[in-house]
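Enquirer: One-letter residues, chain by chain:
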Amino acid sequence: MQETPAVVTAPDKKTLWKVIGASSLGTLIEWYDFYIFGSLAIVISTKFFPPDNPTAAFLSTLATFAAGFVVRPFGALFFGRLGDIIGRKYTFMVTLLVMGLATCAIGLVPGYETIGFAAPIIVLVLRLLQGLALGGEYGGAATYVAEYSEPHKRGLRTSWIQTTATFGLFISLGVIMLTKSSMSAEAFDAWGWRVPFLISSVMVVVSYFIRKNMDESPLFKKAKSEGKTSSNPLQESFGKKYNFKFVLLALFGATMGQGVIWYTGQFYALSFLQSVCRVDFDQTNYIIGAALLAGTGFFVFFGWLSDKIGRKAVMLTGMLLAILTYRPIYDRIYQLADVSNKQELLDQRITSDPLIHTTETGESIKVTTISKVYHDGSTYKEEVRSVKPIDAADYSAPTVKGTVHVGNSTFASLVLLVFIQVLYVTMVYGPIAAFLVEMFPVRIRYTSMSLPYHIGNGIFGGLLPAVATYLVAKAQMANEVLGTGEASMPHDKPYLQGLWYPIIIAGVSFVIGLLYIKNKNRNVQ
Amino acid sequence: MNTIKRILGVVWIGLGLAAGYYLLISQALPQFQSDKSEDLVPAIIYTFILMPIITGGLCVFGWYALQGEYDS
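Protein chains in written order, with our numbering: chain V, 1230 to 1754; chain R, 63 to 134.
Simulated from the structure, these hints should not be mistaken for laboratory data.
Covered stretches of chain R, going by a simulated chain V footprint (3 or more residues, C-beta under 8 Å):
id, stretch
1, 64-71
2, 109-120
3, 125-134
Below, computed lysine-lysine pairings styled on PhoX-like, alpha-carbon distance capped at 20 Å:
id, chain 1, residue 1, chain 2, residue 2
4, V, K1243, V, K1441
5, R, K67, V, K1541
6, V, K1703, R, K98
7, V, K1470, R, K67
8, R, K67, V, K1474
9, R, K67, V, K1747
10, V, K1541, V, K1382
Since we're looking at a predicted model, the values are computed, not measured.
Glycine included, each C-beta is placed from N, C-alpha and C at the ideal position.
Whole structure, please, built from the sequences with the hints as guidance.
Expert: Okay, structure coming up:
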């Protein structure tokens, strides 16, 4: 199975940059397409999945979970097999088109009110197609670039592909915010949310024509001309112990830990700021956006560094740092956003008169708003709401919803703390494409590397927000059951409980990676 | 080092089985019994996707480690 060094003429720099540019642009667009669905999930659910209908709610959950992580490994298998049989170039052009058409179609599907149940079913099918396409895209782009690169610069070259997931998220947030700001809230709700989906079609057409003019990867072309390509890559990758043991090693020793660190730094940080710390929605997007922008260059740096000191050293250092520092970092984030730690300027507190309005069903709703200003420039807006049903004598117990808008110095500190996590992401994710590519031979590379990548990221990483939120809620509930008067609570800091998931998964991955992975991989050609 | 790698194979098998028990008994089963239709999706995912990957994968990985497949 060990490959003999391929005699392939090294491409000139211009060709190499064309290859990197065309591959990265397509992958960037695929990530953009994938993320806009998630970023617009709330609007989409009101248009296609009415909450009062249990079947629609079921389809909504299916769309979120199934396409988010379950379908991606199937896309990896399906397109990986194609890529190892017919070639990398044609396969990742197909994934690009499937993703582009599915995304554009989501923007064109009439709502539930117009076509009834056909709407959520069509959207679900399109979302599944998105997941399948994404599952096939990454392995193709990474393999294609790696097979064009000089072996000693493979980490550097493929790291450009690694920047695309972060840039895709960044651009999706930017396009959504730009669309929102260019029209009224009513217009955005009525039709404006479709614009980010439709924009994708233009980007996909441009990227398709750029990719169309590229050549097949030289290593694959050589293998094909020598008749060394696999006729059954799935059987060869997963049916033979010699390769399957490396698929398992790639999953448990690398991509599993990398996946949870990636999702913690990019997604859980956002949800922690919004749901646990109750920081203003727009401000949290700016915090994450600034940290991502500042950190993206480090994907390339750590890709380059992995060429010098080895992939294993860079990735495992990132994992170890994350395991050791996640709890202090998140504790600091919580303390920074917690207004009880801040000094209030009492003379600036404004309490509104209760606003009472009656709904169509006859319920009375009383809302009181309290605005507080703090010494560091932070503000806190608290909305106290109580409801009086039509046949009740008095209002129910009030529910309190508070939102913090942090001051400039706190904002900067939060950006720094998220940036540190993005650095960990760049350490584990920057070299991963080169690492996976070098683990498997050319004839089964696309198939073998795609599956562990998408299980690690799609399943272990994709589960993270749901599991971490569940762990935090469970810990808070356990504390509430005992009551605040108890001397000792089951959880000292319940808001940190969600971090056990990435810490344990990354910990297992770190030990497996440290013991079983060699710093030098088998298939450097 | 090879001895440690092999001995730890037992740990990975145990970890896989423990994860399988947790996913199936603590997570999936109560959700299968739930009245809410949205609980069915995670229950199916735990049983048919996660458990085979984590339990099956870690057990096979542990078995390979125990057999010395990863010896240097």
